[in-house]
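Undergrad: Read off the chains here:
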Amino acid sequence: MAIEVRIPTILRTYTDGAKSVDASGATLQALIDDLESNHSGIKDRLIEGGQLRRFVNVYVNDEDVRFTGGLETELSDGDQVVVLPAVAGG
Amino acid sequence: MRYDGLLASVGNTPLVGLPTLSPSPDVRLWAKLEDRNPTGSIKDRPALKMIEMAEKDGTLRPGCTILEPTSGNTGISLAMAASLKGYRLVCVMPENTSEERRQLLRMWGAEIYSSPAAGGSNEAVRVAKQMAEEHPDWVMLYQYGNPANALAHYEGTGPEVLADLPEVTHFVAGLGTTGTLMGVGRFFREHKPDVSIVAAEPRYGELVYGLRNLDEGFVPELYDASLIDARFSVGPRDAVRRVRELLEAEGIFAGISTGAILHAALGQAAKSLKAGERADIAFVVCDGGWKYLSTGAYEGTVDQAEDRLEGQLWA
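Chains as they are written, first to last, in the UniProt record's numbering: chain A, 1 to 90; chain B, 1 to 315.
Just so you know, these hints were derived from the structure itself, not from any lab.
The beta carbon of each residue, even a glycine, is placed where N, CA and C say it ideally should be.
Any given hint might turn out to be false.
Claimed, not checked - Sample of chain B residues facing chain A (criterion: CB under 10 Å; computed from the structure): (1) GLY5; (2) SER9; (3) ASN12; (4) SER71; (5) ASN122; (6) GLY176; (7) ALA199; (8) ASP229; (9) ALA270; (10) GLY311; (11) LEU313.
As the list claims (entries may be wrong) - Pair by pair, the computed Cβ-Cβ distance ranges are: (12) A:ASP22 with B:LYS271: 46 to 54 Å; (13) B:HIS135 with A:GLY70: 14 to 22 Å; (14) A:GLY41 with B:ALA249: 42 to 50 Å.
Stated by the list, open to error - Calculated lysine to aspartate or glutamate pairs in the EDC-like style (CA-CA distance at most 20 Å, straight line): (15) B:LYS129 with B:GLU206; (16) B:LYS192 with B:ASP137; (17) B:LYS129 with B:GLU160; (18) B:LYS271 with B:ASP26; (19) B:LYS192 with B:GLU160; (20) B:LYS271 with B:ASP194; (21) A:LYS19 with B:ASP280; (22) B:LYS271 with A:GLU74; (23) B:LYS56 with B:ASP137; (24) B:LYS271 with A:ASP79; (25) B:LYS271 with B:GLU160; (26) B:LYS271 with B:ASP307; (27) B:LYS129 with B:GLU155; (28) A:LYS19 with B:GLU310; (29) A:LYS43 with A:GLU4; (30) A:LYS43 with B:GLU216; (31) B:LYS192 with B:GLU216; (32) B:LYS271 with A:GLU63; (33) B:LYS192 with B:GLU155; (34) B:LYS271 with B:ASP229; (35) B:LYS271 with A:ASP62; (36) B:LYS56 with B:ASP215; (37) B:LYS85 with B:ASP137; (38) A:LYS19 with B:GLU190; (39) A:LYS19 with B:GLU206; (40) A:LYS19 with A:ASP44.
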């Protein structure tokens, strides 16, 4: 199962500069564990105390996972996951 | 309708149906035309309310200087109100915002301090906070954390939508300062809790997310996730596509951020249609397209427009 994960500039040190990488997992938690196995250290930048870090936003098919079950959000083949730092708008 | 002066005419905007873009008689879309406010954007509501509340509690006194980090619309609204009320206004604005916004600000007498493009509004907030420390006598209204921002929508936008559309099922708005969604969200939680509150958040080019480290991230102090039900990230391509659709199908000439909001609203409409549920989806038209003509979003192909918006703060 291949899911494209878009990596923000600030975390590309963990992906050898790659803007997007493939990973797999039936849930976001499993996907992040799989990411960690290939890109050691990235998990700690995304998760703190079993939750997404405050300034990290993750979107599955453009929807913010905090409203779809958080780390338990289910994933399917072909989904697109985007990771972005939280920044000011307005 | 008659008002004593321009400031009194803020709000009470029309809610218009979208007969062409609504997918069925049971799933309907409604546009709240906030471009009909005095300076042409929804920000007239929070700007005026923030000034009024600050006057009331004594923070803002005659002759004061107001300081505000803004990517444009809030600054323009504040500039108009400040000039009528005799305050000086200093705006901190990211340099990658449209020229029209700068000209409008200057027209209404505001002074502009440009903050670096990298980091977008984050950087503007940081610079403004620093300036506030250097000038303790200046009044920073601070739209990201000022309860008056959300209050303007709790007292105005929300009740107006409910009065015009008692059968409303969804409310969709942009997420920037979060003021609109927090105010309208709280209003509906209290008065019609079955209404779903949907956020559309603009997704910019990489430059805007160029933080030095994740701890520099920013979540507006006003934000309370329990007041919204879904949050979508919308990129420039979908925003441009939808803003053009709105013009072609319904004749509404809106700013680019409205395209992002319409994208989320149409997504919800498709979902409701598929589920066989009735839906009356009200969404916000934040402003007209005038201020964004120079961005190139309205000309040529969608590909070209997307390229031109790269690196710009288009919402």
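Undergrad: Each hint: holds or not?
TA: Each hint tested on the structure:
| no. | hint | in the structure |
| --- | --- | --- |
| 1 | GLY5 | violated, 27 Å |
| 2 | SER9 | violated, 23 Å |
| 3 | ASN12 | violated, 23 Å |
| 4 | SER71 | holds, 6 Å |
| 5 | ASN122 | holds, 5 Å |
| 6 | GLY176 | holds, 3 Å |
| 7 | ALA199 | holds, 8 Å |
| 8 | ASP229 | holds, 7 Å |
| 9 | ALA270 | violated, 13 Å |
| 10 | GLY311 | violated, 13 Å |
| 11 | LEU313 | holds, 9 Å |
| 12 | A:ASP22 with B:LYS271: 46 to 54 Å | violated, 28 Å |
| 13 | B:HIS135 with A:GLY70: 14 to 22 Å | violated, 42 Å |
| 14 | A:GLY41 with B:ALA249: 42 to 50 Å | holds, 48 Å |
| 15 | B:LYS129 with B:GLU206 | violated, 24 Å |
| 16 | B:LYS192 with B:ASP137 | violated, 42 Å |
| 17 | B:LYS129 with B:GLU160 | violated, 34 Å |
| 18 | B:LYS271 with B:ASP26 | holds, 13 Å |
| 19 | B:LYS192 with B:GLU160 | holds, 13 Å |
| 20 | B:LYS271 with B:ASP194 | holds, 17 Å |
| 21 | A:LYS19 with B:ASP280 | violated, 39 Å |
| 22 | B:LYS271 with A:GLU74 | holds, 18 Å |
| 23 | B:LYS56 with B:ASP137 | holds, 17 Å |
| 24 | B:LYS271 with A:ASP79 | holds, 18 Å |
| 25 | B:LYS271 with B:GLU160 | violated, 26 Å |
| 26 | B:LYS271 with B:ASP307 | violated, 30 Å |
| 27 | B:LYS129 with B:GLU155 | violated, 28 Å |
| 28 | A:LYS19 with B:GLU310 | holds, 16 Å |
| 29 | A:LYS43 with A:GLU4 | holds, 16 Å |
| 30 | A:LYS43 with B:GLU216 | holds, 18 Å |
| 31 | B:LYS192 with B:GLU216 | violated, 37 Å |
| 32 | B:LYS271 with A:GLU63 | holds, 14 Å |
| 33 | B:LYS192 with B:GLU155 | holds, 15 Å |
| 34 | B:LYS271 with B:ASP229 | holds, 15 Å |
| 35 | B:LYS271 with A:ASP62 | holds, 15 Å |
| 36 | B:LYS56 with B:ASP215 | violated, 36 Å |
| 37 | B:LYS85 with B:ASP137 | holds, 18 Å |
| 38 | A:LYS19 with B:GLU190 | violated, 43 Å |
| 39 | A:LYS19 with B:GLU206 | holds, 10 Å |
| 40 | A:LYS19 with A:ASP44 | holds, 19 Å |
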